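**Q** Chains as they are written, first to last, in the UniProt record's numbering: chain E, 1 to 335; chain B, 1 to 318.
Hints listed in this document are in silico derivations from the structure and should not be mistaken for laboratory results.
This structure is a prediction, so every number in the text was calculated from the model and none was measured.
Warning: the hint list may mix true and false statements.
To be verified - In silico DSBU-like cross-links for lysine-lysine, where the CA-CA straight-line distance does not exceed 35 angstroms:
id, chain 1, residue 1, chain 2, residue 2
1, E, LYS265, E, LYS294
2, B, LYS136, E, LYS209
3, E, LYS260, E, LYS272
4, B, LYS152, E, LYS76
5, E, LYS286, E, LYS303
6, B, LYS258, B, LYS224
7, B, LYS224, E, LYS76
8, E, LYS212, E, LYS154
9, B, LYS152, E, LYS286
10, B, LYS224, B, LYS136
11, E, LYS286, B, LYS224
12, E, LYS303, E, LYS165
13, E, LYS265, E, LYS286
14, B, LYS51, B, LYS224
15, E, LYS279, E, LYS302
As the list claims (entries may be wrong) - Chain E is faced by these chain B residues, among others (derived, beta-carbon under 7 angstroms):
id, residue
16, THR40
17, ARG144
18, LYS152
19, LEU179
20, GLY288
21, ILE289
22, MET290
Glycine included, each C-beta is placed from N, C-alpha and C at the ideal position.
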Amino acid sequence: MLVVPGQVLTTESGFLRGHGTYVEIVDILDSTDVGGGDDQAEPEIEVTNMMIDGEGGEGCEDKPPPPPNEEGGGVKTTQRLVSSLLGLVHRVNALISVHPLSPLYTASTGDLIVGRIVSVQSNRWQLSVGSNKLANLMLSSVNLPNGDQRMRNKEDSLAMRSLFKEGDLVSGEVQQISSDGNINMHARSSRYGLLQNGLLTTLPPCLVKRSKSHNFLLDSNTPIDVLLGCNGWCWLQRHVDLENRGVEVITVEEIEGVKKVHAEKECDEEVKEDLVRVKNAIEILKICFRYVNKSTITVVYKKSIELGLTVEQMMTGENILECSAGTREAGAKIM
Amino acid sequence: MSSLLNLVSLRSDYREPSQSRVISSTILPPPSSISTNSPTGSLTYSQGLTKVQCEIYGPTLDPADRQPAVPTDPSSPTAPLTVTLSLPLSPSNPSKHLTYTLSSSTPPPLTSSVSSHTSSSLLQSYCLSIYRVFSKVVFGVGVRNRVEIRLKVFNDDGSLLSTLINASTLALATSAIPLTSLPISTTTAIFSPTVTQKSGTSTSNNKRSRSGGTVGGKGGMSGKKVTLIDLNLEEELSSGVDSYMVVVFDDDGCLMCKMENRVEVGRFRGMVGEAEGGCREVRGEVEGIMRDWARGLFERREGDGRGLQLLKGRVVGK
Numbered sequence: 001m002l003v004v005p006g007q008v009l010t011t012e013s014g015f016l017r018g019h020g021t022y023v024e025i026v027d028i029l030d031s032t033d034v035g036g037g038d039d040q041a042e043p044e045i046e047v048t049n050m051m052i053d054g055e056g057g058e059g060c061e062d063k064p065p066p067p068p069n070e071e072g073g074g075v076k077t078t079q080r081l082v083s084s085l086l087g088l089v090h091r092v093n094a095l096i097s098v099h100p101l102s103p104l105y106t107a108s109t110g111d112l113i114v115g116r117i118v119s120v121q122s123n124r125w126q127l128s129v130g131s132n133k134l135a136n137l138m139l140s141s142v143n144l145p146n147g148d149q150r151m152r153n154k155e156d157s158l159a160m161r162s163l164f165k166e167g168d169l170v171s172g173e174v175q176q177i178s179s180d181g182n183i184n185m186h187a188r189s190s191r192y193g194l195l196q197n198g199l200l201t202t203l204p205p206c207l208v209k210r211s212k213s214h215n216f217l218l219d220s221n222t223p224i225d226v227l228l229g230c231n232g233w234c235w236l237q238r239h240v241d242l243e244n245r246g247v248e249v250i251t252v253e254e255i256e257g258v259k260k261v262h263a264e265k266e267c268d269e270e271v272k273e274d275l276v277r278v279k280n281a282i283e284i285l286k287i288c289f290r291y292v293n294k295s296t297i298t299v300v301y302k303k304s305i306e307l308g309l310t311v312e313q314m315m316t317g318e319n320i321l322e323c324s325a326g327t328r329e330a331g332a333k334i335m
Numbered sequence: 001m002s003s004l005l006n007l008v009s010l011r012s013d014y015r016e017p018s019q020s021r022v023i024s025s026t027i028l029p030p031p032s033s034i035s036t037n038s039p040t041g042s043l044t045y046s047q048g049l050t051k052v053q054c055e056i057y058g059p060t061l062d063p064a065d066r067q068p069a070v071p072t073d074p075s076s077p078t079a080p081l082t083v084t085l086s087l088p089l090s091p092s093n094p095s096k097h098l099t100y101t102l103s104s105s106t107p108p109p110l111t112s113s114v115s116s117h118t119s120s121s122l123l124q125s126y127c128l129s130i131y132r133v134f135s136k137v138v139f140g141v142g143v144r145n146r147v148e149i150r151l152k153v154f155n156d157d158g159s160l161l162s163t164l165i166n167a168s169t170l171a172l173a174t175s176a177i178p179l180t181s182l183p184i185s186t187t188t189a190i191f192s193p194t195v196t197q198k199s200g201t202s203t204s205n206n207k208r209s210r211s212g213g214t215v216g217g218k219g220g221m222s223g224k225k226v227t228l229i230d231l232n233l234e235e236e237l238s239s240g241v242d243s244y245m246v247v248v249f250d251d252d253g254c255l256m257c258k259m260e261n262r263v264e265v266g267r268f269r270g271m272v273g274e275a276e277g278g279c280r281e282v283r284g285e286v287e288g289i290m291r292d293w294a295r296g297l298f299e300r301r302e303g304d305g306r307g308l309q310l311l312k313g314r315v316v317g318k
């Protein structure tokens, strides 16, 4: 259901307010018992208090109901859940929230995001992530070279540009959203870190549904790794196989060595064509405004191969419509 | 000067006295690369021939705000706002604009009258009115954050302040800024049909400041006063128009009422009642624009492709 700001969602009790909603407490003056009053008169509504979404319940102390009117009219206090955004209503059991159709990314804890370094400061990097705020990546939230586990010192602060410098693409996870909306992220995992030797494509964040895995191999026959950031930034690179290496335990040095080889080794023509084909598949989904996930990308990718299209031919009008057929059902699957 | 109402009580643009002008809006797509300097939402909005552009920036962290992070009082939601308004200096030179910025950290202007004789004071009064309206409805943007509303006037054909407020409402809603309600504005005034003078000609007053009362005399239409809604420029500058008012309504009632001069209570109630009806009509139009825009995006995302078509070799939504 599409709602606009100020639209009442429900007046029943027992619902929890989620994002994009607020609770309004209204006093309805019941004037039907007043002597000589019009039976058809509408009750007057007086807004007395309002609880703001995310304020933690401050200001919503239970007030005792006002005494009834001496002339016989009563005052009823009731609550109603009101939408504060233009968007779609989502209901999960008793939780009602409104999801806006915003082109900006709204961060949530645990989101996998891709960002570009815009600033290197004394003990943190600042990244642009497609939001109206920059994300902060602290020096203590990244792995040191060679997997050292120690306190960061001044030498580490001075050597920050050896890890990430301005213009680098970095993947990480949202660790915390501060009270003023700032995004704090971390990259303390071998899955995250510097992104090199690949392609970046951007999408509206509303096309990326949160799922179990945002980092996947597209297809067993297609050696392309896809990193779908929840902020709509999508990274494509040649497949880096860290699992089937014949050893049980992979050390940090080995992982770093594999990533270094991947960054320095140039891609073959076939791999380049596959990368561009997957990128075009994502662009087709973006044009058609469909959800982007492993299923939909695979559908478009395979359709383009089935139709015998080159990467240039994929982006013509008719071929876009043909390749995107069947993506609606694929997008409905929960990955 | 010809009368504003013809013999069948229709205005010069064939509207009824309580009818608003045609509303149209174009919500612009977001930029391809979104950064902290790009607008969250932007649109052009026109009411009749009055056309404005509105851009919303934020919520962004306000570097000038050094106060500690204290939660806002839920009973009185306020949000630091910055309103920037650009008016063309003169109709003959539309490329040059006069710009004024009002934020919570700058002191408010001394005068806020509706009728102002200079462009700069008019600019300040409009900024102050827009700031006062939206500081009541914008909330939940986060502590130490600021939302900026940038407005630019392309053409002024009357009811400029109400057009600016309606455009800001639409832009804030489509930019996913939390609002407690939708403030919708319109203008209203009392019109007394002009009477021709004894010589058969009538005088006209091109100044924006209007004198109170009606032009008495013989001939012409009867002296029955009519309440007009959503005045255009010709009506605003007419000498027969009295008690000009800009009214802003939301779901709970009147948010703001700006009067040019004093109005008697009986007449005031009638005018506010008419304005409420006008606001209801405009609200329906504005909500329709919002729903059509959102529905178009939603149908493209969830649809089965029938919402798309080829147009000159490009895939576009139907």
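**Q** Now look at each hint and say whether the structure bears it out.
**A** To see whether the hints hold, each was checked on the structure:
1. LYS265/E with LYS294/E: 26 angstroms, holds
2. LYS136/B with LYS209/E: Holds, at about 34 angstroms.
3. LYS260/E with LYS272/E: With Cα atoms ~19 angstroms apart, LYS260/E and LYS272/E stay inside 35 angstroms; holds.
4. LYS152/B with LYS76/E: 46 angstroms, violated
5. LYS286/E with LYS303/E: 16 angstroms, holds
6. LYS258/B with LYS224/B: This hinted pair holds, its Cα atoms lying about 24 angstroms apart.
7. LYS224/B with LYS76/E: 44 angstroms, violated
8. LYS212/E with LYS154/E: 38 angstroms, violated
9. LYS152/B with LYS286/E: 31 angstroms, holds
10. LYS224/B with LYS136/B: Violated: LYS224/B and LYS136/B sit about 38 angstroms apart, past 35 angstroms.
11. LYS286/E with LYS224/B: 60 angstroms, violated
12. LYS303/E with LYS165/E: Violated, at roughly 39 angstroms.
13. LYS265/E with LYS286/E: Status holds; Cα separation ~30 angstroms.
14. LYS51/B with LYS224/B: 32 angstroms, holds
15. LYS279/E with LYS302/E: Distance ~13 angstroms between LYS279/E and LYS302/E Cα, so the pair holds.
16. THR40: 6 angstroms, holds
17. ARG144: 5 angstroms, holds
18. LYS152: 21 angstroms, violated
19. LEU179: This hint holds: LEU179/B lies near chain E, its Cβ roughly 4 angstroms from the closest one there, short of 7 angstroms.
20. GLY288: Violated: closest Cβ of chain E sits about 10 angstroms from GLY288/B, beyond 7 angstroms.
21. ILE289: 10 angstroms, violated
22. MET290: 5 angstroms, holds
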